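J.: Taking the hints into account, I'd like the entire structure generated from these sequences.
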Amino acid sequence: MEAIKQFGQYSLLLFQALRSITEFSTYRKNLFSEFIKIGYESIPIMLLTGFFTGAVLTLQTAYQLDTDLFPKTIVGSIVAQSIVIELAAVIGALVLAGKVGARISTELGTMRVSEQIDALESMGFNSVTFLVIPRVLSGIFMFPVLYVFAAVTGVLGGVIIGAVDGILPSAEFMIGARSFFNPEAAVFGILKSLVFGFVITSISCFKGYFAFGGAEGVGNATTQATVLSCMYVILADFVLAAILL
Amino acid sequence: MIEIKNLTKSFGDHLIWKDVTFNIEDGETLAVIGKSGCGKSVLLKHITALLYPTSGKVYIDDHDLFTLSYSELRKIRKRFGTLFQGAALFDSINTFENVAFPLRYFTDQSEEEIRRNVQEALELVNLGGAGERQTSELSGGMRKRVGLARAIILKPQYLLYDEPTSGLDPQTSDEINELILNMADTMDITSIVITHDMHSVLSIAEKVAFLDDQRLSWFGTVDEMKESDYPPLVDFITASEYKIKAI
Chain A
1 MEAIKQFGQY SLLLFQALRS ITEFSTYRKN LFSEFIKIGY ESIPIMLLTG FFTGAVLTLQ
61 TAYQLDTDLF PKTIVGSIVA QSIVIELAAV IGALVLAGKV GARISTELGT MRVSEQIDAL
121 ESMGFNSVTF LVIPRVLSGI FMFPVLYVFA AVTGVLGGVI IGAVDGILPS AEFMIGARSF
181 FNPEAAVFGI LKSLVFGFVI TSISCFKGYF AFGGAEGVGN ATTQATVLSC MYVILADFVL
241 AAILL
Chain B
1 MIEIKNLTKS FGDHLIWKDV TFNIEDGETL AVIGKSGCGK SVLLKHITAL LYPTSGKVYI
61 DDHDLFTLSY SELRKIRKRF GTLFQGAALF DSINTFENVA FPLRYFTDQS EEEIRRNVQE
121 ALELVNLGGA GERQTSELSG GMRKRVGLAR AIILKPQYLL YDEPTSGLDP QTSDEINELI
181 LNMADTMDIT SIVITHDMHS VLSIAEKVAF LDDQRLSWFG TVDEMKESDY PPLVDFITAS
241 EYKIKAI
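Line by line, the protein sequences give chains A and B. Positions 1 to 245 (the working numbering) are the ones given, in order, by the first sequence. Positions 1 to 247 (the working numbering) are the ones given, in order, by the second sequence.
Be a bit skeptical, because a hint or two may be false.
Derived lysine to aspartate or glutamate pairs resembling EDC-like cross-links, with alpha carbons at most 20 Å apart [as the list claims (entries may be wrong)]:
(1) Lys-35(B) / Glu-178(B)
(2) Lys-29(A) / Asp-108(B)
(3) Lys-78(B) / Asp-66(A)
(4) Lys-37(A) / Asp-91(B)
(5) Lys-75(B) / Glu-184(A)
(6) Lys-155(B) / Glu-113(B)
(7) Lys-75(B) / Glu-41(A)
Short, incomplete list of chain B residues facing chain A, as computed with Cβ under 7 Å [to be verified]:
(8) Thr-48
(9) Ile-93
(10) Lys-155
(11) Pro-170
Hint data in this document are derived by calculation from the structure and do not stem from the laboratory. If you're wondering where the values come from, they're calculated on a predicted model, not measured in any experiment. Note that the Cβ used here is the ideal one computed from N, Cα and C, for glycine as well.
T.: The following block contains the structure:
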């Protein structure tokens, strides 16, 4: 029953946001500030995440295919394809659920319990337009950009660790990566990251916006936002794979 | 004019108060008093429809508040300024920007006009030099004064104060009371002050609403309150007098 109530509240919040999306002047300033916070400030962590995901995947693929049955270039094919179609988007999203989602829910939750959201409403502001729309739009626009960073550095991580560890030379890795590369995989990765951006930011906004009960309430809201974001990212990943692949 | 008619509020099975009815005429200052937890702040939040009642009506200048569309409600809310209990300042921006906030979004004023108006409002609350300070650097009294400056910046018709002197030392409380009186006199504002501080009530209010026993238990002028022999009200005032004397 509580889950149905929460879903109803979440849907109403999104409906209210969608209805006032044309009030651009209200959220323009916040939108650019969120582009910076969600996008620009997440680039380093996405570069690191991408690089080490590619590096680990290269080591493990090489370890499991340590046989003369396959050419070494197959390592490049598997790593590049896995990074582009799945890992850059999903692992990146799980990392961003912790970084971006937790920040959003804590920020809005604190605003709620310290009556800042009430203050906005009492002045005549639409607090949903002002607070929720810029965060969700930034998620939708910036997650695909961050995905590209993670995917490129993921492949780069594979190339570098492959060469440094003596698994295969960079040129061979790239031959393998190119030979099986399907551009549709990149489109699929971008689409997935766009959906993940929406899932994480909207759930985090919802949990923060309706937080209650002081510091403990904000803590609970943040925990729920992060856990739910991760769960729904994985669920959305499965649904998208089932529909689109 | 604000009319409150048969307002009843429950949270689940927990009744806060029932059948609260009273009017506030234009230009009046009303103090809503009562013990902690009796629902004073809840009542205040109904006047700007931040909370909706279980039953009953609130009319603002003949507009039935709870039947308005959201866009109509936002227009009505712009007639109000609210000083929240903890001031509710936006902690991501500095003092100046907090006060300038409504001007930037609701007016077409130039940067120079905004600067002048914000400075005037800050000077009115004796914080002329605090514009560049972060809100986290301000004391409780200063935060409330900044909240007041923000509440009056659009020259509202109604001002709502939620515990304006709670947690403040007597001297700062007196300063806040002075400011509230000053606002009412100079700007001809209708004010509702939520408080359990009888010293404030006697300093600033013309009328008093006493919430007790889950209802509006007494309503009248300050002079009538002084003469009243209604036991719960007398007990409340007496307890406050002891506190004032003890201080």
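J.: Does each hint hold? Answer for all of them.
T.: Quick rundown of the hints versus the structure:
| no. | hint | verdict |
| --- | --- | --- |
| 1 | Lys-35(B) / Glu-178(B) | violated, 24 Å |
| 2 | Lys-29(A) / Asp-108(B) | holds, 16 Å |
| 3 | Lys-78(B) / Asp-66(A) | violated, 71 Å |
| 4 | Lys-37(A) / Asp-91(B) | holds, 17 Å |
| 5 | Lys-75(B) / Glu-184(A) | violated, 50 Å |
| 6 | Lys-155(B) / Glu-113(B) | holds, 15 Å |
| 7 | Lys-75(B) / Glu-41(A) | violated, 37 Å |
| 8 | Thr-48 | holds, 5 Å |
| 9 | Ile-93 | violated, 11 Å |
| 10 | Lys-155 | violated, 13 Å |
| 11 | Pro-170 | violated, 25 Å |
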